[in-house]
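**Student:** Residue numbers (the numbering used here), protein chains in the order written: chain G, 8 to 600; chain B, 7 to 316; chain E, 381 to 473.
Derived by calculation from the structure, the hints in this document are not laboratory data. You may find that some hints are simply not true.
Counterexamples of contact, computed for chain E against chain B with all Cβ distances above 12 Å [claimed, not checked]:
{"no.": "1", "residue": "Asn384"}
{"no.": "2", "residue": "Leu385"}
{"no.": "3", "residue": "Leu386"}
{"no.": "4", "residue": "Ile388"}
{"no.": "5", "residue": "Arg413"}
{"no.": "6", "residue": "Ser459"}
{"no.": "7", "residue": "Gly460"}
{"no.": "8", "residue": "Asp461"}
{"no.": "9", "residue": "Met462"}
{"no.": "10", "residue": "Leu466"}
Covered stretches of chain G (in silico footprint by chain E; criterion: 3 or more residues with CB under 8 Å from a CB of chain E, positions within the stretch not fixed) [stated by the list, open to error]:
{"no.": "11", "stretch": "65-76"}
{"no.": "12", "stretch": "130-143"}
{"no.": "13", "stretch": "314-324"}
{"no.": "14", "stretch": "434-440"}
Within a straight-line C-alpha distance of at most 25 Å, the following computed DMTMM-like cross-link-like pairs (lysine to aspartate or glutamate) qualify [what the hints assert, rightly or not]:
{"no.": "15", "chain 1": "B", "residue 1": "Lys275", "chain 2": "B", "residue 2": "Glu290"}
{"no.": "16", "chain 1": "G", "residue 1": "Lys30", "chain 2": "G", "residue 2": "Asp119"}
{"no.": "17", "chain 1": "G", "residue 1": "Lys188", "chain 2": "E", "residue 2": "Glu414"}
{"no.": "18", "chain 1": "G", "residue 1": "Lys30", "chain 2": "G", "residue 2": "Asp41"}
{"no.": "19", "chain 1": "G", "residue 1": "Lys188", "chain 2": "B", "residue 2": "Glu199"}
{"no.": "20", "chain 1": "G", "residue 1": "Lys48", "chain 2": "E", "residue 2": "Glu440"}
{"no.": "21", "chain 1": "B", "residue 1": "Lys75", "chain 2": "E", "residue 2": "Glu440"}
{"no.": "22", "chain 1": "G", "residue 1": "Lys48", "chain 2": "E", "residue 2": "Glu457"}
{"no.": "23", "chain 1": "G", "residue 1": "Lys48", "chain 2": "E", "residue 2": "Glu411"}
{"no.": "24", "chain 1": "G", "residue 1": "Lys481", "chain 2": "G", "residue 2": "Asp129"}
{"no.": "25", "chain 1": "G", "residue 1": "Lys387", "chain 2": "G", "residue 2": "Asp371"}
{"no.": "26", "chain 1": "G", "residue 1": "Lys190", "chain 2": "E", "residue 2": "Glu457"}
{"no.": "27", "chain 1": "G", "residue 1": "Lys450", "chain 2": "E", "residue 2": "Asp461"}
{"no.": "28", "chain 1": "G", "residue 1": "Lys512", "chain 2": "E", "residue 2": "Asp461"}
{"no.": "29", "chain 1": "G", "residue 1": "Lys190", "chain 2": "B", "residue 2": "Asp202"}
{"no.": "30", "chain 1": "G", "residue 1": "Lys450", "chain 2": "E", "residue 2": "Glu414"}
{"no.": "31", "chain 1": "B", "residue 1": "Lys131", "chain 2": "B", "residue 2": "Asp252"}
{"no.": "32", "chain 1": "G", "residue 1": "Lys188", "chain 2": "B", "residue 2": "Glu200"}
{"no.": "33", "chain 1": "B", "residue 1": "Lys168", "chain 2": "E", "residue 2": "Glu414"}
{"no.": "34", "chain 1": "G", "residue 1": "Lys512", "chain 2": "E", "residue 2": "Glu457"}
{"no.": "35", "chain 1": "G", "residue 1": "Lys188", "chain 2": "E", "residue 2": "Glu411"}
In this text, a Cβ means the ideal position worked out from N, Cα and C, and glycines have one as well.
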Amino acid sequence: MSTTIIVILGFLIYAILYFTYGKKIERDVVKASDEIEAPSKRLYDGIDYVPAHRVVLFGHHFSSIAGAGPIIGPALAMCWGWLPALLWVWLGNIFIGAVHDYLALMASMRYDGKSVQFVASDLISKRTGTAFYWIVFFLLVLVVAAFATVIAGMFAKTPEIAGASIYVTVVAVLLGYLIYKVKMNLPVATVIGIALLAGAIWLGTITPVPAKFETWLVVQFFYIIIAAAIPVTILLQPRDYLNSWLLYFGIFIGFAAAIFTFRGIEIPLFSEFSPVLIGGKQTPFWPAIPLIVACGSLSGFHSLVASGTSSKQIAKESDGLFIGYGAMFTEGFLSTIVICAIAGFGFTALKTAAAAGNVPFALDHSNWGALFTKTSETLKLSQANLVVQTYADMVAASFLAFIPAKIVKVIAGLWISAFALTTLDTTNRIARYCLVEMLAPVKNAAGGLYNIVTNRWIASLVPAMLGIYLAWSKQFTIVWPAFGAANQLIASIALMTGAAFVAKKLKSKFAVMATVPAWFLWFTVTAAIIWFMIVVMPDNIAKAPGQGWTVQVIMGIMLLLNLLFIFDFFKMGKEIRKSAAGESVDEKKSETA
Amino acid sequence: MRIVFYTGKGGVGKSTIAAASAWQLSRTRRVLIVSLDPAHNLGDIFRVTLGKGDKRFNENLVLREIDLKKLSRNYLEREISVLSGTYKYLQAFNLDRYFSVLKYSPGIEEYALLTSIDETIRGGKDFDYIVFDTPPTGLTLRFLALPQVTMAWIDRLIQIRKQILEKRYTIQKIMRPLKEGENNPEVRLDYTEEGDEVLQRLRFLNENYQGLSRILRSEQCGFVLVFNPDLLSLRESERIVEGLRDLKLPLRLLIDNKVTEENRETAAKAEEELRTATGGVPVERVLLSGMLGGEKGLYEIPEDLVSILH
Amino acid sequence: MGLNLLDILKRFFQDVHRTQRESLVALTCVELRELENIFALLLLGSFAGFSAPPTFLSLELLPYMERELRIMNRQAENSGDMLAELMGTLGID
Numbered sequence: 008m009s010t011t012i013i014v015i016l017g018f019l020i021y022a023i024l025y026f027t028y029g030k031k032i033e034r035d036v037v038k039a040s041d042e043i044e045a046p047s048k049r050l051y052d053g054i055d056y057v058p059a060h061r062v063v064l065f066g067h068h069f070s071s072i073a074g075a076g077p078i079i080g081p082a083l084a085m086c087w088g089w090l091p092a093l094l095w096v097w098l099g100n101i102f103i104g105a106v107h108d109y110l111a112l113m114a115s116m117r118y119d120g121k122s123v124q125f126v127a128s129d130l131i132s133k134r135t136g137t138a139f140y141w142i143v144f145f146l147l148v149l150v151v152a153a154f155a156t157v158i159a160g161m162f163a164k165t166p167e168i169a170g171a172s173i174y175v176t177v178v179a180v181l182l183g184y185l186i187y188k189v190k191m192n193l194p195v196a197t198v199i200g201i202a203l204l205a206g207a208i209w210l211g212t213i214t215p216v217p218a219k220f221e222t223w224l225v226v227q228f229f230y231i232i233i234a235a236a237i238p239v240t241i242l243l244q245p246r247d248y249l250n251s252w253l254l255y256f257g258i259f260i261g262f263a264a265a266i267f268t269f270r271g272i273e274i275p276l277f278s279e280f281s282p283v284l285i286g287g288k289q290t291p292f293w294p295a296i297p298l299i300v301a302c303g304s305l306s307g308f309h310s311l312v313a314s315g316t317s318s319k320q321i322a323k324e325s326d327g328l329f330i331g332y333g334a335m336f337t338e339g340f341l342s343t344i345v346i347c348a349i350a351g352f353g354f355t356a357l358k359t360a361a362a363a364g365n366v367p368f369a370l371d372h373s374n375w376g377a378l379f380t381k382t383s384e385t386l387k388l389s390q391a392n393l394v395v396q397t398y399a400d401m402v403a404a405s406f407l408a409f410i411p412a413k414i415v416k417v418i419a420g421l422w423i424s425a426f427a428l429t430t431l432d433t434t435n436r437i438a439r440y441c442l443v444e445m446l447a448p449v450k451n452a453a454g455g456l457y458n459i460v461t462n463r464w465i466a467s468l469v470p471a472m473l474g475i476y477l478a479w480s481k482q483f484t485i486v487w488p489a490f491g492a493a494n495q496l497i498a499s500i501a502l503m504t505g506a507a508f509v510a511k512k513l514k515s516k517f518a519v520m521a522t523v524p525a526w527f528l529w530f531t532v533t534a535a536i537i538w539f540m541i542v543v544m545p546d547n548i549a550k551a552p553g554q555g556w557t558v559q560v561i562m563g564i565m566l567l568l569n570l571l572f573i574f575d576f577f578k579m580g581k582e583i584r585k586s587a588a589g590e591s592v593d594e595k596k597s598e599t600a
Numbered sequence: 007m008r009i010v011f012y013t014g015k016g017g018v019g020k021s022t023i024a025a026a027s028a029w030q031l032s033r034t035r036r037v038l039i040v041s042l043d044p045a046h047n048l049g050d051i052f053r054v055t056l057g058k059g060d061k062r063f064n065e066n067l068v069l070r071e072i073d074l075k076k077l078s079r080n081y082l083e084r085e086i087s088v089l090s091g092t093y094k095y096l097q098a099f100n101l102d103r104y105f106s107v108l109k110y111s112p113g114i115e116e117y118a119l120l121t122s123i124d125e126t127i128r129g130g131k132d133f134d135y136i137v138f139d140t141p142p143t144g145l146t147l148r149f150l151a152l153p154q155v156t157m158a159w160i161d162r163l164i165q166i167r168k169q170i171l172e173k174r175y176t177i178q179k180i181m182r183p184l185k186e187g188e189n190n191p192e193v194r195l196d197y198t199e200e201g202d203e204v205l206q207r208l209r210f211l212n213e214n215y216q217g218l219s220r221i222l223r224s225e226q227c228g229f230v231l232v233f234n235p236d237l238l239s240l241r242e243s244e245r246i247v248e249g250l251r252d253l254k255l256p257l258r259l260l261i262d263n264k265v266t267e268e269n270r271e272t273a274a275k276a277e278e279e280l281r282t283a284t285g286g287v288p289v290e291r292v293l294l295s296g297m298l299g300g301e302k303g304l305y306e307i308p309e310d311l312v313s314i315l316h
Numbered sequence: 381m382g383l384n385l386l387d388i389l390k391r392f393f394q395d396v397h398r399t400q401r402e403s404l405v406a407l408t409c410v411e412l413r414e415l416e417n418i419f420a421l422l423l424l425g426s427f428a429g430f431s432a433p434p435t436f437l438s439l440e441l442l443p444y445m446e447r448e449l450r451i452m453n454r455q456a457e458n459s460g461d462m463l464a465e466l467m468g469t470l471g472i473d
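Whole structure, please, built from the sequences with the hints as guidance.
**Tutor:** Structural data, given as structure tokens:
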């Protein structure tokens, strides 16, 4: 088994199932029809509701959902061996994740482009719609914690990446100035931007910026506050623009390297069902896998993105499959490439690092489950660092070996950090908004408190402080799955909403293709959260009480919201049955009349 | 061209004094007297019927009466018809309902007042003096304050509008190569300052108000306060003095009207107080007897009301 | 066959080109829309009971503000559903 085979197999599986399973969902579950006019045409206003060409929209949608997530998750999931994670990225994506994305998109389209949050509050209960603000807020706090850890870890281990990131930030500001203030011709500005980007990468390799993990956390704290307070044209938008070029380049190189490396897999196919992972505990593959591998396979964020802007811009219903389902497949493919890199080069990377650091290396196939996580953490080659290293090794082992390894490492690291830094910026902006919405009910009762907390600076500080505080404990294997749990809780609610839409509104006969994954997901997420709270947290609270309790409380709130949700869902189900019974009685009446 | 405003509480004889002053001025200069007072006394004072347009009283004196209520109504009707013609989505917004409320909106009368004064001044180049008989105190002070308030709003709106145009320009610049050669159903967005009607209109209004503000506060312009020798009148007058001072409008003359033997003492006291309050503005006393008319018109008052103004 | 491939590539690059441009202006478009909404709200505030500029100012400018009014109405409807849109335009991972 080699990387090449995995890549090709992955491509084939996605392609075949897109045209079989995907089309079936389109035809029989959603019953997409171009006769139904899309909201972009029906409600055309030249501003939000504007039909877009499917490829362009695909580009938008994909770049909105792509980022650092699909890269980091698989790195952690390698503790189960390469096959389980891969199967989740393939099958989980096809039968659950992409279905989730697609249904959110289509339900939103049928609801005049309103978001899945709106659809949920209409179909299930108003409480469910409001719960979104809460869950998303905590989700964003956890994103800050997780991504800040990733970035700080990467910067501390490879100072060249830190240097390059700083220079790229400067380049982004400069590019923003050129594009938005000077209003320079865009292709010219792009060329300048990319040239400067290359320069920044090169400069980073020769002027590293070494600093400690904690230092980087503090730096990021200030970065978040400042970046989220300045106009988007100064840093956020131009940086996003540069990122997209980096993304194309990175995927292209990664794909080429993966196919043409012909590298044999060197990590075990399957280690054990419950290797050591989350919080140092044995982690059962089910129900924990969705918490670890999110974005490449299933991610609640996507339903909000799909129903936030994409649904208002789809030109016709038949484009939905390509955009909703297809973009998710593409992201899954991205994760596949990452898995290839780690599967093919991870073991060597770890061994080499141990030798270089004169550290005893006991990891091998027989004790993989027990020791992988610990070993990689000790060698500072876990999550992002592992990806960066193996990606560089993979490129070096392919025909692209002419690119210096150091540069490839910086590119890979930059790719992750650039996306992660942009995410930190945007999470703060959105978290501010969520906070205000969460506190809306107390506006009249506790006006003073409301005014203080919703002040723009305070509202900005709260998520940033909470996030960095959680990151401070350096317990990535706690923070990441907590983020995963919140994300998948949204996914669960969104998928249940999609399933409810299909069953209740569309009354399609093949609704099982939506309802079965929805229920499966809901059980998995609920079980995972409960397992997390009961098995994992107690010891970790003992280790770091402050952060531990914070995470525990957050998980508790989410569990509560989850249970409230399912209660409302059942209530809705009863109403459907009641009205269905009423309808069949009416039908009989009209028949006999 | 000089401009004189006659202000004062209702009933102090403001209109008669204004008319008399206009008459006196017209001995040697070309004068236009405009009455804004809803009481419509001007015609009675000169013993002529005044209609919509100007009435030439004699070689040097022209009379004009402005009906503010009618003006406001006309303004609204005109605006409503313009709006009905412009909007394609009238039904969606139920604009008709909005308009019926407009009749009661505050500010329309002040605006009508303001525009008529502005237009009068603009169109009054042929005259050496324009005399305004203003409406009762409240309205007058409100309208005089109007340019300030309006300008603050206009400033802010211009600021936001410029930001809007800047963003449109950015979008246009970045997207333009795509829009060329494309069948774009969307209405073209104005992104230049010259092309944006809203900004042009705001600027136009701004210039008008700036202009009017300047004139009102300049050497060309003067306010005359008419009062009676009684305490109530005095209090009201002090308010007007304060108001004019706050608005930095130049008060040039005080006229103590309807003085008799009986109220001579009160008159003197009132004059003293007002002279102090205004920092020494000259006072002219007018006796009641002079106001009773006779064969001569009500406008022929013996006292000299205008030398001060030259 | 060769021509077709060239066509496809050309189309592909055109689409990438377009996507890039649209991403660059996406946030600015959102900002523009909100500013226009605010502008309309400020002017028409008197109709809704807010403190507002002198009514005549609104009247003077209304004839030119069809687009802004449309936006204001659309936003009045959508302002309760902004979370997903924020996540879509800001591009959360």
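**Student:** Next step is simple, just say for each hint if it's right about the structure.
**Tutor:** Structure-based check of each hint:
{"no.": "1", "hint": "Asn384", "result": "holds, 23 Å"}
{"no.": "2", "hint": "Leu385", "result": "holds, 24 Å"}
{"no.": "3", "hint": "Leu386", "result": "holds, 20 Å"}
{"no.": "4", "hint": "Ile388", "result": "holds, 20 Å"}
{"no.": "5", "hint": "Arg413", "result": "violated, 9 Å"}
{"no.": "6", "hint": "Ser459", "result": "holds, 17 Å"}
{"no.": "7", "hint": "Gly460", "result": "holds, 20 Å"}
{"no.": "8", "hint": "Asp461", "result": "holds, 20 Å"}
{"no.": "9", "hint": "Met462", "result": "holds, 19 Å"}
{"no.": "10", "hint": "Leu466", "result": "holds, 18 Å"}
{"no.": "11", "hint": "65-76", "result": "holds (count 9)"}
{"no.": "12", "hint": "130-143", "result": "holds (count 3)"}
{"no.": "13", "hint": "314-324", "result": "holds (count 4)"}
{"no.": "14", "hint": "434-440", "result": "holds (count 4)"}
{"no.": "15", "hint": "Lys275/B with Glu290/B", "result": "holds, 14 Å"}
{"no.": "16", "hint": "Lys30/G with Asp119/G", "result": "holds, 23 Å"}
{"no.": "17", "hint": "Lys188/G with Glu414/E", "result": "holds, 20 Å"}
{"no.": "18", "hint": "Lys30/G with Asp41/G", "result": "holds, 14 Å"}
{"no.": "19", "hint": "Lys188/G with Glu199/B", "result": "holds, 17 Å"}
{"no.": "20", "hint": "Lys48/G with Glu440/E", "result": "violated, 33 Å"}
{"no.": "21", "hint": "Lys75/B with Glu440/E", "result": "holds, 19 Å"}
{"no.": "22", "hint": "Lys48/G with Glu457/E", "result": "holds, 18 Å"}
{"no.": "23", "hint": "Lys48/G with Glu411/E", "result": "holds, 23 Å"}
{"no.": "24", "hint": "Lys481/G with Asp129/G", "result": "violated, 41 Å"}
{"no.": "25", "hint": "Lys387/G with Asp371/G", "result": "holds, 18 Å"}
{"no.": "26", "hint": "Lys190/G with Glu457/E", "result": "violated, 34 Å"}
{"no.": "27", "hint": "Lys450/G with Asp461/E", "result": "holds, 19 Å"}
{"no.": "28", "hint": "Lys512/G with Asp461/E", "result": "holds, 21 Å"}
{"no.": "29", "hint": "Lys190/G with Asp202/B", "result": "holds, 20 Å"}
{"no.": "30", "hint": "Lys450/G with Glu414/E", "result": "holds, 24 Å"}
{"no.": "31", "hint": "Lys131/B with Asp252/B", "result": "violated, 29 Å"}
{"no.": "32", "hint": "Lys188/G with Glu200/B", "result": "holds, 20 Å"}
{"no.": "33", "hint": "Lys168/B with Glu414/E", "result": "holds, 14 Å"}
{"no.": "34", "hint": "Lys512/G with Glu457/E", "result": "holds, 23 Å"}
{"no.": "35", "hint": "Lys188/G with Glu411/E", "result": "holds, 16 Å"}
In terms of the numbered hints stated before, the structure departs from hints 5, 20, 24, 26, 31, listed from lowest to highest.
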